[in-house]
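Enquirer: Chains as they are written, first to last, in my numbering: chain A, 59 to 340; chain B, 59 to 340; chain C, 59 to 340; chain D, 59 to 340.
Keep in mind that the hints were calculated from the coordinates and are not lab data.
Each hint should be verified, as a subset may be incorrect.
The list that follows gives simulated cross-link-like pairs (lysine-lysine, BS3-like), each with its CA atoms no further than 27 Å apart [claimed, not checked]:
1) C:204 / C:152
2) B:204 / A:256
3) A:259 / B:256
4) C:256 / D:259
5) D:256 / D:204
6) C:256 / D:256
7) C:259 / D:152
8) B:152 / B:204
9) A:256 / B:259
Only a predicted model underlies this, so the values are computations on that prediction, with no experimental measurement involved.
4 protein chains.
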Amino acid sequence: MPRQYVMVVRCDDRPGIVHSVTGAMLAVAGNIIENAQFTDPGSNTFVMRTRFVSENMEFDRVRGGVVSSLAGTDIDVQLRAEDNFRRALIMVSKFDHCLLDLLYRYRTGELQVEIPLVVSNHPDCAEMVEGYGIPYLHMPITADTKAAQEAKLLELIDEHRVDFVVLARYMQVLSEDLCEALRGRAINIHHSFLPGFKGAKPYHQAHARGVKLIGATAHYVTPDLDEGPIIDQDVVRVSHTHDADALVRMGRDVERNVLSRAVQAHAQDRVVLIGDRTVVFP
Amino acid sequence: MPRQYVMVVRCDDRPGIVHSVTGAMLAVAGNIIENAQFTDPGSNTFVMRTRFVSENMEFDRVRGGVVSSLAGTDIDVQLRAEDNFRRALIMVSKFDHCLLDLLYRYRTGELQVEIPLVVSNHPDCAEMVEGYGIPYLHMPITADTKAAQEAKLLELIDEHRVDFVVLARYMQVLSEDLCEALRGRAINIHHSFLPGFKGAKPYHQAHARGVKLIGATAHYVTPDLDEGPIIDQDVVRVSHTHDADALVRMGRDVERNVLSRAVQAHAQDRVVLIGDRTVVFP
Amino acid sequence: MPRQYVMVVRCDDRPGIVHSVTGAMLAVAGNIIENAQFTDPGSNTFVMRTRFVSENMEFDRVRGGVVSSLAGTDIDVQLRAEDNFRRALIMVSKFDHCLLDLLYRYRTGELQVEIPLVVSNHPDCAEMVEGYGIPYLHMPITADTKAAQEAKLLELIDEHRVDFVVLARYMQVLSEDLCEALRGRAINIHHSFLPGFKGAKPYHQAHARGVKLIGATAHYVTPDLDEGPIIDQDVVRVSHTHDADALVRMGRDVERNVLSRAVQAHAQDRVVLIGDRTVVFP
Amino acid sequence: MPRQYVMVVRCDDRPGIVHSVTGAMLAVAGNIIENAQFTDPGSNTFVMRTRFVSENMEFDRVRGGVVSSLAGTDIDVQLRAEDNFRRALIMVSKFDHCLLDLLYRYRTGELQVEIPLVVSNHPDCAEMVEGYGIPYLHMPITADTKAAQEAKLLELIDEHRVDFVVLARYMQVLSEDLCEALRGRAINIHHSFLPGFKGAKPYHQAHARGVKLIGATAHYVTPDLDEGPIIDQDVVRVSHTHDADALVRMGRDVERNVLSRAVQAHAQDRVVLIGDRTVVFP
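Extracted from the complex, chain A is given alone in its bound form (with noise of 0.2 Å):
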């Protein structure tokens, strides 16, 4: 059975891109298995995800004849055979619901990513990390030590060749040097339904205001705190008979269901970013 790639190709607008493209592609005898595209009317951007078959496939004859075929815009070509998975490096504290379902997911492969190693500022998690067969990395941080693990982490990132990095319930707020090096490959999710409550306690936020939904929102980290590209989010239906507590349970399945679909979507380049907002192909 021949092999299945996935191209992500964004560029400007003009008449003629999927001709082109697809040119490229008979050109390795490729057959497309999915399709989808949009362009963005405000930015005049195009972007296209395709999966294709080919038995004799050259990247470089594929990518070169994307970008011949299109010069003179600003262009960027991603390509990848589907097999050869994503790599994210996951970080926890201690909250460990999201964690869980994304090593569940991993394991039955639906997350279709690999996972080098879990790093924590905690050591709680390291027994149901390592029993799913991954190395789990102790990371202790303070206000003195902040710089020095962060400059670790990166290493780590490039050591494991990590492809994006995922914030499992990490309660440790990154500096913003570490935002800007990890900009569209860190996902965070974030316990509330952005916008309606940023900041700590979002559930208690949600139980004083008397909401009658509360929700979750995975997101790409930014050095704007709780304002990145969205993802996706997802909600639940609460009532009077729920108080904070309760919300905080119930908000864990949101949390986790919504982090899992994102890393998901960005581990299969669903994913694609036009400014602040996301594109996320279905």
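Add chains B, C and D to chain A, keeping to what the hints say.
Expert: Relative to chain A, chains B, C and D alone:
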């Protein structure tokens, strides 16, 4: 078949309330069909909504029995025959999707309200309303006439024995005095998932932020705009393919559903206020 | 502003289809706004829906280009200017909730259909329909007149250049011949979550079974009653407190939503049949 | 802080029941925290679930008070201290997604159950279960050993004072005798939205039929396979892009949620059987 009644009791919590209230019902041979209670730990408030049948009902006897048995507490009792529908005055401007949904559900009987009058600052919806056999009053508002028109509105509310007011996309801001006069008995639909996008053009705000769900909120009107106690909320999933106009269009469906549910809940005495939060019995 | 077109192509899958189709569009300087594809592995069927703009459109040139470039395969091409709306004939009996929802969305423009005629076996909905400026034909049906009336219906479909028929709670069973004549272009709303409760009184069946969700199903009509290809479905949560009448009432909301979504999808050429299953492009 | 109790009363309906029951609670200075009732008109059955606090609880006094005050009716009273958790025996085969979700929620305390034992006809899940500190019994079943193993299971249920059994994707059909022995206290998760796709491979059935939503159903086990009283159901939206394997994968999420909710509801005495239907107090 015996007639059905609905009673709502709110008082400070203490042991024996249900026993006392049901004792008062037994005095008129009442038999409970449906009963729901909630005790708010924060304020130590007890609320109870009971539907019962009785073949020899005496309103004063039940009310008196409840009050005397709970002497010494600050108690609020509402008692109504279920077929004696609450009377709602609807206010609307030009957007008619919420209005039409209310009128249709009024005609099928599922709202369980009387609608003696629809008031609007525009003439546009007259034909639709009159088609449902309901009087329509065009009451234009300018800065100069606002005070006089609001005074007239209060007269109409009195004259038509109106129980509550529904702002079905009524685009005028009510004065602080009018908000106070209608406290707890005026329902507004805000076209966003509060507290997410307060103020004007919430769908455009939502689009700019790139959210993945948009929503609507039905709440009681208070002088603090968009901050009143929430009765109901709902959301719908959106994606990068939806521009602000599409969000407006999709938002209409959520708005009409949320407002109709809130009106129905209020009309059936299912909503009880405790401070800035609501109890909504299902 | 250049005019917008929508093209749907269905053919046997093979490499190069998208390249060929986009080549034919380039010949009229077409630029793609939206593009979706699907290849069904079971039947090796390729389907593609493309929206594009063009300032010098020639219908025959695009159609011819597509067909000649894909010579040798069994190919089906639909091409339409988007502002040339599909024409829907609606049929209804007495329940008017689906009808009203369709008419309202027709008037707001979100359905993107023309409605040249509403046909009913009862006179009840005449006023509502005519209020929207649409002719209403009362066409009673008895066992004796059924064949003649169905023949007349087919004449009306021809005369009014009707693209598809919507059975908006039309309570007559169509003859096998009529079903065949309308294959793939008649949409029915079944008031249950098929295949759960086929046949009559599905809400009463659902209540007797004690289900916790009830639903509705929009599908294409086939001679095999309640078995046609499904276009859309939805559900709503119910509980022990809801008797069969309440299920009927709650079901109305689901029915109107599901049918309107299915009609909109069909009207926008988003639904493609592959055997007994549908592709519905989002 | 006073201890909390939960009482469930089921009897024929007649006036005065709530007054009687609350009278019996007053005798031990009970104060109601939460109260829900339902009267089933078809069977004239009254059911009531009450949570209350008491500082001088006497179980026999409350039970006796309730029973004597309702003398002459067929009455069923359950009374339990809330911190005296129900004891669940879980059965599983190889699919472990429901099991893991139950174990995780068990550990967080949100299920409010004790799990004295997990029994399986396969050894696969031993490590996962023992990691949560729960004994795992591998009890293989063949046609020859089935009767003996079921007898042993009943002994284990007795020995471990098990309140109810959870079939968390246990792939063996229970004998009719065992079903009878566990009537009303064995919960199964069926991996379809019953009554839609009974029997084997429901996701493959769903895919062949082209449905747009798939679901799962938690129900009490009865000798009539897949027909027991439904406790909870849920669905997830699917599309033409999902093959049968994808439905299986997406179905896992629904199954684990529905089963965990049903187990929690049962464990908290929220589920009351009336014939073949359930009352599930929210």
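Enquirer: Look at each hint and say if it fits the structure.
Expert: Now for the hints, and whether the structure bears them out:
1. The straight-line distance between the Cα atoms of residue 204 of chain C and residue 152 of chain C is roughly 18 Å, inside the 27 Å bound, and the hint therefore holds.
2. Restraint check for residue 204 of chain B and residue 256 of chain A: the C-alpha separation of about 37 Å exceeds 27 Å, so the hint is violated.
3. Restraint check for residue 259 of chain A and residue 256 of chain B: satisfied, since their Cα atoms lie roughly 21 Å apart, inside the 27 Å limit.
4. Taken as a hint, the residue 256 of chain C and residue 259 of chain D pair is honoured in the structure, with Cα atoms around 21 Å apart against an allowance of 27 Å.
5. At most 27 Å may separate the alpha-carbon atoms for a hinted pair to count; residue 256 of chain D and residue 204 of chain D meet this at roughly 24 Å.
6. The suggested pairing of residue 256 of chain C with residue 256 of chain D holds, with an alpha-carbon distance near 15 Å, which does not exceed 27 Å.
7. Distance restraint check for residue 259 of chain C and residue 152 of chain D: the Cα-Cα separation of roughly 40 Å exceeds the 27 Å cut-off, and the hinted pair is therefore not satisfied.
8. This hinted pair checks out: residue 152 of chain B and residue 204 of chain B have alpha carbons roughly 18 Å apart, not beyond 27 Å.
9. Under the criterion of a C-alpha separation no larger than 27 Å, the hint pairing residue 256 of chain A with residue 259 of chain B is consistent with the structure, at around 21 Å.
The structure is inconsistent with the numbered hints 2 and 7, although it conforms to all the rest.
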